[in-house]
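Engineer: Using the sequences plus the hints, can you model the full thing?
There are 2 protein chains.
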Amino acid sequence: MTDRRRAILTGAARVIARRGVRGLRVADLAAEAGVSTALVYYHFKDRPGILRHALAFIGDRADRYTGAGEDGHGTGGGTGERDGTGDGEAPRPSDPRRLLERTLLLEFQDLPEVRENSTAWGELRAHSVFDPELRDELASAGAAWVAEVAGHLAEVCPAAPDGAVTAAAERLTALLEGLSVRWLSGLLPLEHARGLLRESIAVEVGRLGL
Amino acid sequence: MTDRRRAILTGAARVIARRGVRGLRVADLAAEAGVSTALVYYHFKDRPGILRHALAFIGDRADRYTGAGEDGHGTGGGTGERDGTGDGEAPRPSDPRRLLERTLLLEFQDLPEVRENSTAWGELRAHSVFDPELRDELASAGAAWVAEVAGHLAEVCPAAPDGAVTAAAERLTALLEGLSVRWLSGLLPLEHARGLLRESIAVEVGRLGL
DNA sequence: GTCTATAAAGCGATAGAC
DNA sequence: GTCTATCGCTTTATAGAC
Numbered sequence: 005m006t007d008r009r010r011a012i013l014t015g016a017a018r019v020i021a022r023r024g025v026r027g028l029r030v031a032d033l034a035a036e037a038g039v040s041t042a043l044v045y046y047h048f049k050d051r052p053g054i055l056r057h058a059l060a061f062i063g064d065r066a067d068r069y070t071g072a073g074e075d076g077h078g079t080g081g082g083t084g085e086r087d088g089t090g091d092g093e094a095p096r097p098s099d100p101r102r103l104l105e106r107t108l109l110l111e112f113q114d115l116p117e118v119r120e121n122s123t124a125w126g127e128l129r130a131h132s133v134f135d136p137e138l139r140d141e142l143a144s145a146g147a148a149w150v151a152e153v154a155g156h157l158a159e160v161c162p163a164a165p166d167g168a169v170t171a172a173a174e175r176l177t178a179l180l181e182g183l184s185v186r187w188l189s190g191l192l193p194l195e196h197a198r199g200l201l202r203e204s205i206a207v208e209v210g211r212l213g214l
Numbered sequence: 005m006t007d008r009r010r011a012i013l014t015g016a017a018r019v020i021a022r023r024g025v026r027g028l029r030v031a032d033l034a035a036e037a038g039v040s041t042a043l044v045y046y047h048f049k050d051r052p053g054i055l056r057h058a059l060a061f062i063g064d065r066a067d068r069y070t071g072a073g074e075d076g077h078g079t080g081g082g083t084g085e086r087d088g089t090g091d092g093e094a095p096r097p098s099d100p101r102r103l104l105e106r107t108l109l110l111e112f113q114d115l116p117e118v119r120e121n122s123t124a125w126g127e128l129r130a131h132s133v134f135d136p137e138l139r140d141e142l143a144s145a146g147a148a149w150v151a152e153v154a155g156h157l158a159e160v161c162p163a164a165p166d167g168a169v170t171a172a173a174e175r176l177t178a179l180l181e182g183l184s185v186r187w188l189s190g191l192l193p194l195e196h197a198r199g200l201l202r203e204s205i206a207v208e209v210g211r212l213g214l
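Which chain is which? The protein sequence lines are A and B, in order.
Taking the numbering used here, the leading residue of the first sequence gets 5, the next gets one more, and so forth.
Taking the numbering used here, the leading residue of the second sequence gets 5, the next gets one more, and so forth.
These are calculated hints, taken from the structure and not from any lab test.
Treat the numbers as computed from the prediction; the structure is a model and nothing was measured.
Every residue, glycine too, gets a C-beta built ideally from N, C-alpha and C.
Heads up, a few of these hints could be off.
Stated by the list, open to error - Cβ-to-Cβ under 7 angstroms is the rule here; a few derived chain A residues that face chain B:
{"no.": "1", "residue": "L179"}
{"no.": "2", "residue": "E181"}
{"no.": "3", "residue": "L200"}
Structural biologist: Below, the structure written as structure tokens:
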């Protein structure tokens, strides 16, 4: 991918995080990237094309930041390095229980990059209710994200049956998304959201049998 | 409220469910209601006015259908009568555990009215991330909805401390919203969503101490 | 590849008759 | 209260020069 394409997609991510998928104007995005609208159309054909590529771009970025590529994608996930669990600069704790918690709590950080990715992904999800075109991409990203969480869960609770682990991962990721919307819209303080999620992790792990 | 106003708002609810809040076009809504666009503006001033009234209308409707007015609003809730828990036409089971389950599972029914309300409320939530104007309405509706669930939980688990009950209600409602988005966008089959939610209810109730 | 300029369409909102 | 007709701004998308 060329630098210009990347610049345009970066601008698109910013605009989506600020105004939403349906608030995205090609002119805004072009201004954000410092190019003309014509160039945007040259590279991405039309508005749906811009959206498709922007969302794939945002997903990739989340992948890199969550350090996926081993057992999952983490596309619903957040960005950045510090997660408040006390592991500082260390990217991947070896304790599986900590790793699980870290993976899920990455979403809840008040860093611009995290907010941007979380907001954009939330928008993608919300928009997919009305736009079937987005569902394929979303379905695979969501499945990978559930699989990653399930992988961590299985490491923490080796004795648990597969079905129960998957169900727990589905509940945890769905809960995370519900909490995320509330946080991003200012209805739930960040620390409260983190606390609720942490407690649910404890509940699910306890249920699966530590 | 006059019949015409009601007809317009009913049309608005349908259009919002089909195209989303941000996809609502005044012309579509007018066509749906069988009136001219001018009449829509005559009754509701402008687009934001339409939206405000439409969302209040949808909220009221959800209230009536969930049978609220006793200890909460249930504004996140669904519509209709049958909930699949086996109580058929009986609107309010007396067993508190059943009542709790029923309240939450009302959201997950494949009836046009339920989909319409769920979709519209999901849209309201998603939109509030970008539109602070909607937050007040959403905050009070959300608080009432959490309070209703917490009330049922407290009845099921009288010994549990208040804080734990509220936290459980917050987790259950947030989970419900996360599952709802996945269901509405076709990523999660209805029965699967119901199963996951039911299991979480069981988990939370078990944790609070039956 | 990138720009300026502009066509074409979409959409919110109003005027004025009835 | 309700309609038809239309105005004017916004936004998508393209033409054509460089």
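Engineer: Grab the minimum C-beta distance from L179 (chain A) to chain B and call the hint holds if it beats 7 angstroms, violated otherwise.
Structural biologist: holds, 4 angstroms
Engineer: With chain B as the partner, please determine if L200 (chain A) meets the hint condition of a C-beta pair closer than 7 angstroms.
Structural biologist: This hint holds: L200 (chain A) lies near chain B, its Cβ roughly 5 angstroms from the closest one there, short of 7 angstroms.
Engineer: Under 7 angstroms, Cβ to Cβ, is where E181 (chain A) needs to be relative to chain B, so tell me if that hint holds or is violated.
Structural biologist: holds, 4 angstroms
Of the numbered hints stated above, none is contradicted by the structure.
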